[in-house]
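Novice: Chains as they are written, first to last, in our numbering: chain D, 1 to 325; chain B, 1 to 370.
No wet-lab data here; the hints were simulated from the structure.
Since this is a predicted model, take the numbers as computed values, not measurements.
Mixed in with the good hints there might be a few duds.
[As the list claims (entries may be wrong)] Taking lysine to any residue pairs in the SDA-like style, the calculated list, with each CA pair at most 20 Å apart, reads:
1) B:Lys252 <-> B:Ala324
2) B:Lys354 <-> B:Val327
3) D:Lys289 <-> B:Arg75
4) D:Lys208 <-> B:Gly292
5) B:Lys278 <-> D:Ile72
6) B:Lys301 <-> B:Ser336
7) B:Lys301 <-> D:Phe284
8) D:Lys86 <-> D:Pro51
9) B:Lys278 <-> D:Leu178
10) B:Lys164 <-> B:Ile115
11) D:Lys289 <-> B:Leu298
12) B:Lys278 <-> D:Arg54
13) D:Lys68 <-> D:Asp13
14) D:Lys143 <-> B:Asn106
15) D:Lys68 <-> D:Arg54
16) B:Lys278 <-> D:Phe203
[Said to hold, decoys possible] If you want a taste of the chain B side facing chain D, the calculated C-beta under 10 Å gives, among others:
17) Lys128
18) Asp131
19) Gly292
20) Phe305
Beta carbons are placed, not taken as given, at the ideal position from N, Cα and C, and that holds for glycine.
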Amino acid sequence: MTKFEIQQVNLQDIELSDRCYIFTFEPLIANMVASLRHIGLQNPPLLQALPGQRLRIVSGLRRIIALKHLQILRFPAKVALPPTEKISEHLFLINLHENLATRRLNLIEKATIIHKLISEFNYSLELVVKEILPLLDVGSNPKMIDRLLPLINLEDRLKIAVIEESLSIDSALDLIALPEQERTELVKLFLRFNFGKNIQREFLQLIKDISAANGQSISSILSRIEIQDILNHETLTAPVIISRLKQQLLKWRYPQYSQIQSNFEEIKRELKLPPTISLQPPRFFEGNKYRLEVVFQSQKDFSRAIEHLNKINQLGLIKKLEHLI
Amino acid sequence: MYQPSQIFVEKAALRLPTTQNILSRLSNLQPFIIDDLSQFTTSQRLTQPDANPNAKPLILAVQKAEFLKNCPGTRRYICCGYQILNLINNCEINCSYCILQGYLNNPFIIVYVNIEDLFAECEAKLRKNPDKIFRIGTGELADSLSTDHLTRYSKALVRFFNDKNNAVIELKTKTTLIDNFIKEQHNRRTVIAWSLNTPKIIASEESFAPTLEQRLAAAARCQTAGFKLAFHFDPMIYYNEWEDDYQGVVEKLFAQIDPENIIWISLGALRYPPQLEKIIRNNHPHSSIVLGELFPGLDEKIRYFKPIRIEMFRKMYQWIKAMAPDVFVYLCMESSEVWEKAFGWTPKNSAKLKRLMDKLVDSINANQKN
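Could you put together the complete structure from these sequences and hints?
Specialist: Structure, rendered in structure tokens:
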């Protein structure tokens, strides 16, 4: 039976590298340091007594790191007794519920909790789905476990990007499968131009497909002159850069389609259509019918549009469109 | 060759002779009895790829719906008016492009064992419509022959269609399992058809299928036994060396097969429902088929960009016609425009294509009368 005692403990007796119970992933402790400096330790950390007067952290990792930072080497803690090396599910759950009651857990922490429950405490998938997922506020779809678990294998800076929502889970999961260098280059790019989540996904799929189709690494695609020219352009805004990068990837991914699309745009330019007349090609050029739309408000507008269409008709440009597809 | 890892038998199927015959050929397996097929398969849905597709569990069940149905074809493209016999569901060959991965979300091969009901139903439908030509296949939801070493259905089907003047049965396969029926009297009412592809695509996308040479050797044996043959270049896959490779397949085909014995050849380019792309990427991570220039078509199925399809079909048509000017070549699920641009002619609509193909069946009758 575990009992708890408030004791004065020495920092040097705490096994800081023993993270059996720890799922906290909040590398920034500046706020905690400031708080301890101003009001001191209000809530003692929870520790487990190990044989040989050593101590294992159950909860309060950030507080202990902040105390260390402040050179406070002796402080009160709640210690679970009697001493044992054995990991306790009960203590893990105390840590979990204490955290759930006081703050919002981030996705990396949720992934770590699930991982620990399955690997350290032999929770079945069914039990995790039934009891843990709702607690973690991630729904009750078992597929969520498959989505979350791989996140714990990300490097710390990618974990941070996921937490800060500058990298979507889907993109993170896609990135995990890539070699580290390619992953680093892509994340740098995403963060530098502040890619939105959807465009990250689209960009990743495009560049992975181009890489697979051409047998070239993602790094070598990113170093192609067309990409570098866009990236190094001094006057373009981030959204324009992202749009141009995507257009370039689409050209490489769908070369024949892009060519026809560009021929269509060329003909459309030759048609010099006024804003009141719009021309749409068949979707993906699969059908064989174009759509022409005329917007008018008055007889005058209408006549002007007809006049323009007559002019186009005489130029033979419609034949060009016919032959395009 | 397919060897199931487990066998399940629906209660209602247990006493049927076909069940007993199949069980006797799988005496190493202990059958599990299940109450009802649909309840059982619903409870066993599969989200992960099979560990070993070539050992998919087998279910013997009773077909409660009609066996014979119109091929669903696809909307807004020309289809041939084929009919399908729903006798076996699913396949173990594990082709990366197989649409069954998307349609059948369970890991089982289902064999319907009440084949006597199938014959009774076909007999009645064929008699009721004596002027209608039935082109019937078993290869839409399964490979027609890949489970034949267990079912021996080919023999029964060849025998049944032997005396049917208004129907042919097409057994469509990638396998070489022809021994069960090759000595049967067939009266040219059975068409043995092979799906063909280039050696590169066979090696990379059709994991458990015989090679091109093995398929053509089996076709040549069927030719010697007097069967009508058909070949389906479907799905054609576009890749860098596709021209040389597909032309090579056409040459190999006609080096062994006399065009006179071919009733039809179909061409179809890779196409699949949108939801299949994710499944292909998950189940076949090394496959490159999804890397083509593929877009939603008029029926929302994903297809190659139209000019690519036209180019592939046009060239294949030329290569085939150069070696076999009289053989009938058709496109599966294509638009009239693509027919016209690729072949230089078009049946214009599904009804006309059906009539043309029915005539080919009629010509079997005429040749036999002569």
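Novice: The structure should be examined with respect to each hint, and the outcome stated for every one.
Specialist: Cross-check of the supplied hints:
1. Only pairs whose Cα atoms come within 20 Å are accepted, and lysine 252 of chain B paired with alanine 324 of chain B is accepted, the gap being roughly 13 Å.
2. Pair hint lysine 354 of chain B plus valine 327 of chain B holds up; C-alpha atoms about 16 Å apart against a cutoff of 20 Å.
3. A distance of roughly 17 Å separates the Cα atoms of lysine 289 of chain D and arginine 75 of chain B; the hinted pair therefore holds under the 20 Å criterion.
4. Distance check on the hinted pair: lysine 208 of chain D and glycine 292 of chain B sit about 13 Å apart at the alpha-carbon level, within 20 Å; holds.
5. Taken as a hint, the lysine 278 of chain B and isoleucine 72 of chain D pair is broken in the structure, with Cα atoms around 55 Å apart against an allowance of 20 Å.
6. About 17 Å separates the Cα atoms of lysine 301 of chain B and serine 336 of chain B, which keeps this hinted pair within 20 Å; it holds.
7. A hinted pair counts as satisfied when its Cα atoms are at most 20 Å apart, and lysine 301 of chain B with phenylalanine 284 of chain D qualifies at roughly 13 Å.
8. Annotation: proposed proximity of lysine 86 of chain D to proline 51 of chain D holds, straight-line Cα distance about 10 Å (limit 20 Å).
9. Proximity of lysine 278 of chain B to leucine 178 of chain D is assessed by CA-CA distance (about 18 Å); at most 20 Å being required, the pair is judged to hold.
10. The suggested pairing of lysine 164 of chain B with isoleucine 115 of chain B holds, with an alpha-carbon distance near 17 Å, which does not exceed 20 Å.
11. In summary, the hint linking lysine 289 of chain D to leucine 298 of chain B is supported, as the alpha carbons are separated by about 12 Å, within the 20 Å threshold.
12. Simply put, lysine 278 of chain B and arginine 54 of chain D have alpha-carbon atoms about 51 Å apart, too far for the 20 Å limit, and the pair is violated.
13. At roughly 12 Å between alpha-carbon atoms, lysine 68 of chain D and aspartate 13 of chain D fall within 20 Å of each other, so this suggested pair holds.
14. With a C-alpha separation of about 18 Å, the suggested pairing of lysine 143 of chain D with asparagine 106 of chain B holds against the 20 Å cut-off.
15. For the proposed pair lysine 68 of chain D and arginine 54 of chain D, the alpha carbon gap of about 17 Å is at most 20 Å, so the pair holds.
16. Of the supplied pair hints, the one linking lysine 278 of chain B and phenylalanine 203 of chain D holds, its CA atoms being roughly 17 Å apart against a limit of 20 Å.
17. Restraint check, lysine 128 of chain B versus chain D: the minimum CB separation of about 39 Å is more than 10 Å; hint violated.
18. Contact between aspartate 131 of chain B and chain D, as hinted, is not supported at the beta carbon level, the nearest pair being about 36 Å apart and thus beyond 10 Å.
19. Nearest Cβ of chain D to the Cβ of glycine 292 of chain B: about 9 Å, under the 10 Å cut. The hint holds.
20. Restraint check, phenylalanine 305 of chain B versus chain D: the minimum CB separation of about 5 Å is within 10 Å; hint holds.
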